[in-house]
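Colleague: Protein chains in written order, with my numbering: chain F, 1 to 266; chain Y, 1 to 161.
Watch out, some of these pointers could steer you wrong.
Said to hold, decoys possible - Here are the simulated DSSO-like cross-link-like pairs (lysine-lysine), alpha carbons at most 27 Å apart as the crow flies:
id, chain 1, residue 1, chain 2, residue 2
1, F, Lys39, Y, Lys5
2, F, Lys170, F, Lys194
3, F, Lys194, F, Lys26
4, F, Lys26, F, Lys55
5, Y, Lys5, F, Lys55
6, Y, Lys5, F, Lys26
7, F, Lys170, F, Lys55
8, F, Lys21, Y, Lys11
9, F, Lys134, F, Lys194
10, F, Lys134, F, Lys26
11, F, Lys21, F, Lys55
What the hints assert, rightly or not - Far from chain Y, by Cβ distances over 12 Å, these chain F residues were calculated:
id, residue
12, Leu34
13, Asp50
14, Glu61
15, Pro89
16, Val103
17, Tyr105
18, Asn115
19, Asp156
20, Pro166
21, Ser225
Calculated from the structure, these hints are not laboratory results. In this text, a Cβ means the ideal position worked out from N, Cα and C, and glycines have one as well.
Here is how the chains run, residue by residue.
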Amino acid sequence: MYQTTYHRASSVDEAVSLFGKSSEAKFLAGGQTLLPVMKQRLAAPSDVIDLARIKDLIGVEASGDTLTIKAATPHYDVATSDTAKKAIPALAYLASLIGDPAVRYRGTIGGSIANNDPAADYPAALLALGATVKTNKRSIPADDFFKGLFTTALEDGEIITAVSFPVPAKAGYEKMRHPASRFALTGVFVAQTKSGEVRVAATGASQNGVMRVPAIEAALKANWSPSAIDSVSIPASGLLADIHGTAEYRANLVKVMAQRAVAAAG
Amino acid sequence: MSTVKLTVNGKAVAVDVEDRTLLVQLLRDHLNLTGTHVGCDTSQCGACVVHMDGRAVKSCTMLAGQADGASITTIEGIAKGDELHPMQAAFRDNHGLQCGYCTPGMIMSAIDIVQRHGGQLDEATVRQELEGNICRCTGYHNIVKAVLDAAGRMKVAQAAE
Numbered sequence: 001m002y003q004t005t006y007h008r009a010s011s012v013d014e015a016v017s018l019f020g021k022s023s024e025a026k027f028l029a030g031g032q033t034l035l036p037v038m039k040q041r042l043a044a045p046s047d048v049i050d051l052a053r054i055k056d057l058i059g060v061e062a063s064g065d066t067l068t069i070k071a072a073t074p075h076y077d078v079a080t081s082d083t084a085k086k087a088i089p090a091l092a093y094l095a096s097l098i099g100d101p102a103v104r105y106r107g108t109i110g111g112s113i114a115n116n117d118p119a120a121d122y123p124a125a126l127l128a129l130g131a132t133v134k135t136n137k138r139s140i141p142a143d144d145f146f147k148g149l150f151t152t153a154l155e156d157g158e159i160i161t162a163v164s165f166p167v168p169a170k171a172g173y174e175k176m177r178h179p180a181s182r183f184a185l186t187g188v189f190v191a192q193t194k195s196g197e198v199r200v201a202a203t204g205a206s207q208n209g210v211m212r213v214p215a216i217e218a219a220l221k222a223n224w225s226p227s228a229i230d231s232v233s234i235p236a237s238g239l240l241a242d243i244h245g246t247a248e249y250r251a252n253l254v255k256v257m258a259q260r261a262v263a264a265a266g
Numbered sequence: 001m002s003t004v005k006l007t008v009n010g011k012a013v014a015v016d017v018e019d020r021t022l023l024v025q026l027l028r029d030h031l032n033l034t035g036t037h038v039g040c041d042t043s044q045c046g047a048c049v050v051h052m053d054g055r056a057v058k059s060c061t062m063l064a065g066q067a068d069g070a071s072i073t074t075i076e077g078i079a080k081g082d083e084l085h086p087m088q089a090a091f092r093d094n095h096g097l098q099c100g101y102c103t104p105g106m107i108m109s110a111i112d113i114v115q116r117h118g119g120q121l122d123e124a125t126v127r128q129e130l131e132g133n134i135c136r137c138t139g140y141h142n143i144v145k146a147v148l149d150a151a152g153r154m155k156v157a158q159a160a161e
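Excised from the complex, chain F in its bound form (with noise of 0.2 Å):
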């Protein structure tokens, strides 16, 4: 790892100083990401900027048909949150399917959103659900925050506050572990809304990232069941091929997953 200052921010805007002071400023959360990447010396921040330890960052709360994770909440946390697992059952079963235990108890949401990894589990959640991302600025719905590859609408210095999902009908999520990373070979959140709305999301299939499976959404909208999207035929072009899988291999399991994903739901 190269040089590096580190910095323990005690509220978001002391946060927001600290980076306006410096050259080329990294925010840290659990790490999990941006410490690898820095030790492989693909990352080289000046300064590191811990949000780790803000209060306010912290918590699961639901309110009315919401349910709000703030963005430092370790996945460990979000997996084992009375709150969480009675809003939305889906989210919880998401979380406790991150890494390793060890991993979940210091990687958190912002980090994972923020870092937008094309086999994030977290991005297909929001998009499915179609939460807000809520940040020291703005909210900004998840249809506009992923952007492309390790990509997000965040403008530089912005700070992730928390991530807030409206509460569904039905939801699911179900994925292929890789079995060595435990990142998502592909994996697929389905989600009804209160208002009968049906959105389905991949993450871990898409050259661009998180990706919402239209013809997946208007087959269980007409007949939420797995068997609805038997005959859905999902286009290998722009899926990710590697030693791991083919794009044919990813395109199939989007199906699959779907399928598993609404079994799931009920």
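The hints should help you fit chain Y onto chain F, whose structure is shown.
Modeller: Chain Y in isolation, oriented as in the chain F frame:
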């Protein structure tokens, strides 16, 4: 350079380190606590697992500064004098050490698993929960046996307290 103040195995310490120092480097190179191992150095193998404020974390994927103010327990801090921690004793009795390289991380993760699950542990759960710890002897069988054995012992020990 920064001064990192933390509690390690019950003892307050203050260490001057470069800001890029990892927690595992602080433990091994500055405090000479070499029981915590570095295996893959990419947060996959779990040889470096220690407890921070009671939670099992990978110390190769944390800056020392992130642990400032925290309480760290390493493999050196779990026995009571000459009396092994029940998890250590169970690893010895069940031949769960094998080459021994992954053992410190296995034991620290396993204690965390038992603490989270209490008496609800079964073999499938142990195997799933140990997915962040890799044994290159590939002899998970005795490790799983040791964790299940220790879960029983820790329950008895807890009831006696």
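Colleague: It remains to establish, for every hint, whether it holds in the given structure.
Modeller: To see whether the hints hold, each was checked on the structure:
Under the criterion of a C-alpha separation no larger than 27 Å, the hint pairing F:Lys39 with Y:Lys5 is consistent with the structure, at around 23 Å. A threshold of 27 Å between alpha carbons decides the hint, and for F:Lys170 with F:Lys194 the separation of about 8 Å falls inside it, so the pair holds. Taking the CA atoms of F:Lys194 and F:Lys26, the gap is about 38 Å. The hint is violated against a cut of 27 Å. Annotation: proposed proximity of F:Lys26 to F:Lys55 holds, straight-line Cα distance about 19 Å (limit 27 Å).
Between the alpha carbons of Y:Lys5 and F:Lys55 the distance comes to roughly 20 Å, so the proposed pair stays at or under 27 Å and holds. Among the hinted pairs, Y:Lys5 with F:Lys26 is consistent with the structure: their alpha-carbon atoms are about 23 Å apart, no more than 27 Å. For the given pair, F:Lys170 sits about 31 Å from F:Lys55 by alpha-carbon distance, which is inconsistent with the 27 Å threshold. A hinted pair counts as satisfied when its Cα atoms are at most 27 Å apart, and F:Lys21 with Y:Lys11 does not qualify at roughly 36 Å.
Taking the CA atoms of F:Lys134 and F:Lys194, the gap is near 22 Å; set against the 27 Å cutoff, the hint holds. Distance check on the hinted pair: F:Lys134 and F:Lys26 sit about 19 Å apart at the alpha-carbon level, within 27 Å; holds. As the CA atoms of F:Lys21 and F:Lys55 are separated by approximately 23 Å, the hinted pair is consistent with the 27 Å bound. The beta carbon of F:Leu34 is not kept farther than 12 Å from every beta carbon of chain Y, the shortest such distance being approximately 10 Å.
F:Asp50, annotated as away from the interface, has a beta carbon of chain Y within 12 Å; the closest lies near 6 Å. With a closest Cβ-Cβ approach of about 22 Å to chain Y, F:Glu61 is found to remain outside the 12 Å limit, as its non-interface label requires. Separation of F:Pro89 from chain Y is adequate, the least Cβ-Cβ distance of about 19 Å exceeding the 12 Å criterion. Annotated as non-interface, F:Val103 brings its C-beta within 12 Å of a C-beta of chain Y; the closest such distance is 7 Å.
Against the 12 Å criterion, F:Tyr105 falls within the reach of chain Y, whose nearest CB is about 5 Å from its own CB. Every Cβ of chain Y is farther than 12 Å from the Cβ of F:Asn115; the closest lies at roughly 14 Å, confirming the non-interface assignment. Here F:Asp156 stays apart from chain Y, with its beta-carbon at least about 22 Å from theirs, past the 12 Å limit. Every CB of chain Y lies more than 12 Å from the CB of F:Pro166, the least distance being 31 Å, so the non-interface label holds.
With a least beta-carbon separation of about 29 Å from chain Y, F:Ser225 lies farther than 12 Å from that chain, consistent with its non-interface assignment.
Of the numbered hints stated above, those contradicted by the structure are hints 3, 7, 8, 12, 13, 16 and 17, listed in ascending order.
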